[in-house]
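K.L.:
What follows is each chain in one-letter form.
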Amino acid sequence: MTRRRLFIGASLSVAVVGVFAMALAGCSAEPRNEQVIRVTRNIGGREGFRKHFEAWKAAFERDNAPWKMELIDLGNMEGAEYYKSRIATGDLPEVIMTWEMSNFLADGGHLVPLPDAYYEKYGIELPAAYKGKRYTSQGGLQIQAIVVNMDMWKDIGVTEPPATWDAYFDAFHKLKEKGHKPLVLGGREWSAAMPMFYAFTSDMYDRVVDPAKPSWTKRRDAGEVSFASDPIARQAIEKMIYLVDNFVDKGALSDGYNEEQRDFYGGQGATWMMGCWMAGDLEPNHVEFEMEYWPVPSMIGRPPVIIQTSGMQSGWAVTTSATGPKLEKAMAVLDAFYDPVVYQELLNGECQFGQASKVPATEPKYDWPPAQHLIRSMVANIEQYGTTPGFHIALDDIPPPAFHTSMARVMQEIMAGNRDVDALLAMLDEEWDSGRKGT
Amino acid sequence: MPSHGRTGARSRRGWSHQRSAVASLVLCGPAVVLYAGFIVLPAALGFGYSFTDWTGWSKRPHFVGLDNFRELVADARFFDAIRFTLFETVLIGLFFTFASMLLAIALDKLSVMKGLIRGLFFYPYILSILVSALLFQYLANYREGAINTLFRAVGLDALAQDWMGDPHLVPYFIFALVAWSGLGFFTTLYLASLQTIPTDLYEAARIDGAGAVSVFRHIQFPMLLPTLTTNSVLALITGINLFPQIVVTTQGGPGYRTFTIGYYIYHLGVLNNRQGYAAAVSFITFAALVVIAGIQVALLRRRQVSL
Amino acid sequence: MNAASKKRCRVPVLEILLLLAGILFISPCFLAVLNSFKTRAEIIQAPLALPQAPTFDNYVYLFTGVKLARPMFNSLLMCVAVIASLIITAPMAAYSLTRRPMATGRLLRLFFLAGLTIPFQIIMVPLLQQFRMLGIQFTYGALLIHYVSWGLPLCIFIYSGFLSGIPKELEESAAIDGCGAVSTFWRIVFPLLMPCTITVTIFWGLWIWNDFMQAFIIMGPRSQLVFVQLWRFLSDKYVKNWNHIFAGVVVLSMPVTVFYLLMQRRFVKGLTAGAIK
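Protein chains in written order, with this note's numbering: chain A, 342 to 780; chain B, 1433 to 1739; chain C, 138 to 414.
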């Protein structure tokens, strides 16, 4: 008994000593090396992103030796929570991806503005200024529209993109008759919002931004218009209801993005409303049938258009953590971003199109023939139908953060059987107002 | 141990006052210092933000007095969240308090393969909630999930449901996920408690010819009461703070129908950037929960048998 | 002993029933094991089917790509350190609380109970600022302090529960013998709490082992703890490499499972038999 107690006592004491040793030694996980620029990126195991970062790092270190570039891989983390915690401790990395947090970061005084000369050097169209300043690198052109399985569409004799939602619905009926599933749509996650997002963007916002005319967002914030009062919004909801009633099966609410991929890549659906990044998934998923990328239709007689969701200030920015010599090197990181090899890797990894006219990298390059074919289709249709920024106009002219989630929730309500158009519109308004309070 | 003649009347009041102060300090000291310093203090500061319009980002939030609380009182979504949370809490509370007790008693009686069988029930608790949620999605998916596939395979097509998406079924889906992943924890607590029952009591009961139910009522249940208190309070807290399971499955959906209080706080703070308001909601919930838990503990401890 | 030999002659009905129930209960986990042998594309296409060409690639990747070996060791060390600290501080505090006069004891227990209900989101920013003021931000030490403090309410609560079921006679005899409160606790009460201690060890150890969010916030992405590495490295908010994650989960749940099975032998009935007499 005594010996056992001694043994327990001894091991506990050892453990306690170990505890204090660890605490006092404070073995830090983040040694502050002086010649390192820390850069955040959400790699999360994606090969394309990793290759891009490695190329970027190689280019920077080649031209700026002995400085090093260090990756802070945010992976699954809510980048926002990480940034907030680092702001609290005064330790933001020197170069960060800003996503939809640019406003908060800029307002908090954490970002260093970039000169117009930076963009002009690479032939990039100046992104809309935020409170007079520009902060972020610009990635490639990212588009969102409709990818179609041409085998099924050819089967009903339609090879050109329909121009209106009703024309799409007619085609969907025909596809159903032929035994094909017309639309791939899962209700569980963010991807549920896509049809509604397309409807609002195509018809509630101007195709080309007119600086003299306030956008729908501005008018909404000024109280001149709301989802409840706007007939186009109402019409969009009605179209969504028709869509769900006729082409979305029971059980869609338990399907998410993964299930949509399963259906479309598995050749089980004719149409998928998804952004251009899906082209990068074709090779890993062995997708072989012929696809095209079609523009988004209109309800009010406008021509079809492709939605652009880049061009905002949401790329990488230099933070005010970079002071002294670090500031110069952080800027150098942003320069290395447009090195042609690096930029090409970005386009490949993100599946985007070049937007830096002086950089010789214009579109993603894939070895997988069906993917290349789809890219060709994208390029051709961008050329033919043009792009619109929709509501992605500027950092201070954009719906509240999480608006996309609000649209997804309303789509879920519709899929769950809610047919009260007024209530659905009211939900959108409530969410908008609530989101605005947080700015 | 030699027994003394005295019944130790004075020692029944505990040890003498002088030594008691020092002893209390030594016993409680480290815990109180750590807890007060690193939980209570930050929590007080964190709750303090409920009087501001802090977004979670800004360095200098503005003081807004009781505005957040006034908004809270009129917030329909908050009350919907309360309703849903209470519903889940009742299910969860009953299950973890009673069902796990029954399981623990059954597991206690095993004579062979004890470790293995207990391990089978314990294993799901080990898995991270993200993984458990995904596994449940594999079960529940309407078209290709395991449950519906099985039903269709045996011709019971009509029983196939959208377990995760149907608004009427999703509360039970969430409950199933919580129950499945948590059962190991609560059962093991009961098991540990059952181990402290001396075998002599069981022997005596057997000699007296008592049946299983009688043994349960007179020996096991009274000894399990302290753990019942613990478990029911923990289950209450799990229910009221229900949030991780929502984030990894329904995200509050479909629509807003599975918003719990915990998820609403997350939604406000992280998605809507209204950390000040989130702190207010959090504080009210916290206060209510402390009161309810306190009452629950007081009521249950009063019923405990002290041998 | 008589009861045991009687059982040997009977058909183990209970055992069989529980075994079947247990297997049914754990069956969803088979999906995780199944999918750990597939490629990511295959998991997307056919999550329920048997792997077409079973591969160990995912497992290999865990040790070559993600390099989980060192983080596993670190996490283990962290678990041991935190649990040791908790086992020392929590039962003592619980003991002191339950043996106090009614009102103060209850108030103090409520004080600790309140800690269980506080969400991490609330304390996150002030806590980080506190660590910064103390000069220990982003260190393992800070995380250690946090894990211990965070675990105190739960452990104290569980220990209090157990303690209220333990009779006072033993301590009173010790007091008569002239033992101080502290030594009474360590010599007499603590051994009685062994099942509880084991339970707390298993649970809190498991919690720390699995924790990802709090470790990431307090220490940052370079924290070399196993689940931080697994989740951060292998998943994004939108895209998750489930093939690697499943392999990781299978591997990482093994130590805990083994520990639990070993500890089962300590869950032996009659630990206190005879001690009361």
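Hints in this document: simulated from the structure, not taken from any laboratory. C-beta atoms are modelled at their ideal positions from N, C-alpha and C, and glycine is treated no differently. Heads up, some of the hints might be wrong.
Said to hold, decoys possible - Heads up, simulated BS3-like pairs for lysine-lysine below, C-alpha to C-alpha not over 30 Å straight-line: (1) K462/A x K515/A; (2) K1491/B x K474/A; (3) K495/A x K522/A; (4) K1541/B x K204/C; (5) K706/A x K398/A; (6) K778/A x K1491/B; (7) K392/A x K706/A; (8) K667/A x K474/A; (9) K559/A x K778/A; (10) K667/A x K409/A; (11) K409/A x K305/C; (12) K706/A x K462/A; (13) K1491/B x K559/A; (14) K1541/B x K667/A; (15) K462/A x K474/A; (16) K699/A x K472/A; (17) K409/A x K515/A; (18) K462/A x K699/A; (19) K580/A x K522/A; (20) K392/A x K305/C; (21) K1491/B x K472/A; (22) K517/A x K554/A; (23) K305/C x K398/A; (24) K495/A x K515/A; (25) K699/A x K667/A; (26) K392/A x K462/A; (27) K667/A x K462/A.
Stated by the list, open to error - Every beta carbon over 10 Å from chain B, so not counted as near; a handful from chain C, in silico: (28) Y196; (29) R207; (30) L250; (31) S301; (32) Q361.
K.L.:
Just to be careful, I want the Cα atoms of K462/A and K474/A compared with a cutoff of 30 Å; is the pair within it?
P.N.:
holds, 17 Å
K.L.:
Going straight from one Cα to the other, do K667/A and K462/A come out at no more than 30 Å?
P.N.:
Cα-Cα ~22 Å, so holds.
K.L.:
Please verify whether K1541/B and K667/A have alpha carbons no more than 30 Å apart.
P.N.:
violated, 67 Å
K.L.:
Hey, K392/A versus K706/A, does the alpha-carbon distance stay inside 30 Å?
P.N.:
holds, 14 Å
K.L.:
If you draw a straight line from the CA of K706/A to the CA of K398/A, is it 30 Å or shorter?
P.N.:
With Cα atoms ~21 Å apart, K706/A and K398/A stay inside 30 Å; holds.
K.L.:
Is it true that the CA of K517/A sits at most 30 Å from the CA of K554/A?
P.N.:
Answer violated: K517/A to K554/A is near 43 Å, above 30 Å.
K.L.:
Since S301/C was said not to touch the interface, does its Cβ keep a gap of more than 10 Å from each Cβ of chain B?
P.N.:
violated, 5 Å
K.L.:
Given the proposed pairing of K667/A with K409/A, does the C-alpha separation stay at or below 30 Å?
P.N.:
Holds, at roughly 11 Å.
K.L.:
Beyond 10 Å on every Cβ pair: is that true for R207/C relative to chain B?
P.N.:
R207/C is indeed farther than 10 Å from all Cβ atoms of chain B, at 20 Å.
K.L.:
Assess, step by step, whether the Cα of K699/A is no farther than 30 Å from the Cα of K472/A, and give holds or violated.
P.N.:
holds, 27 Å
K.L.:
So if I understand the rule, the pair passes when the alpha-carbon distance is 30 Å or less; does K1491/B with K472/A pass?
P.N.:
At roughly 19 Å apart (the allowed maximum being 30 Å), K472/A and K1491/B satisfy the hint.
K.L.:
Can you confirm whether the C-alpha distance between K392/A and K462/A stays at or below 30 Å?
P.N.:
holds, 25 Å
The structure shown violates the earlier hints numbered 1, 4, 11, 14, 17, 20, 22, 23, 30, 31.
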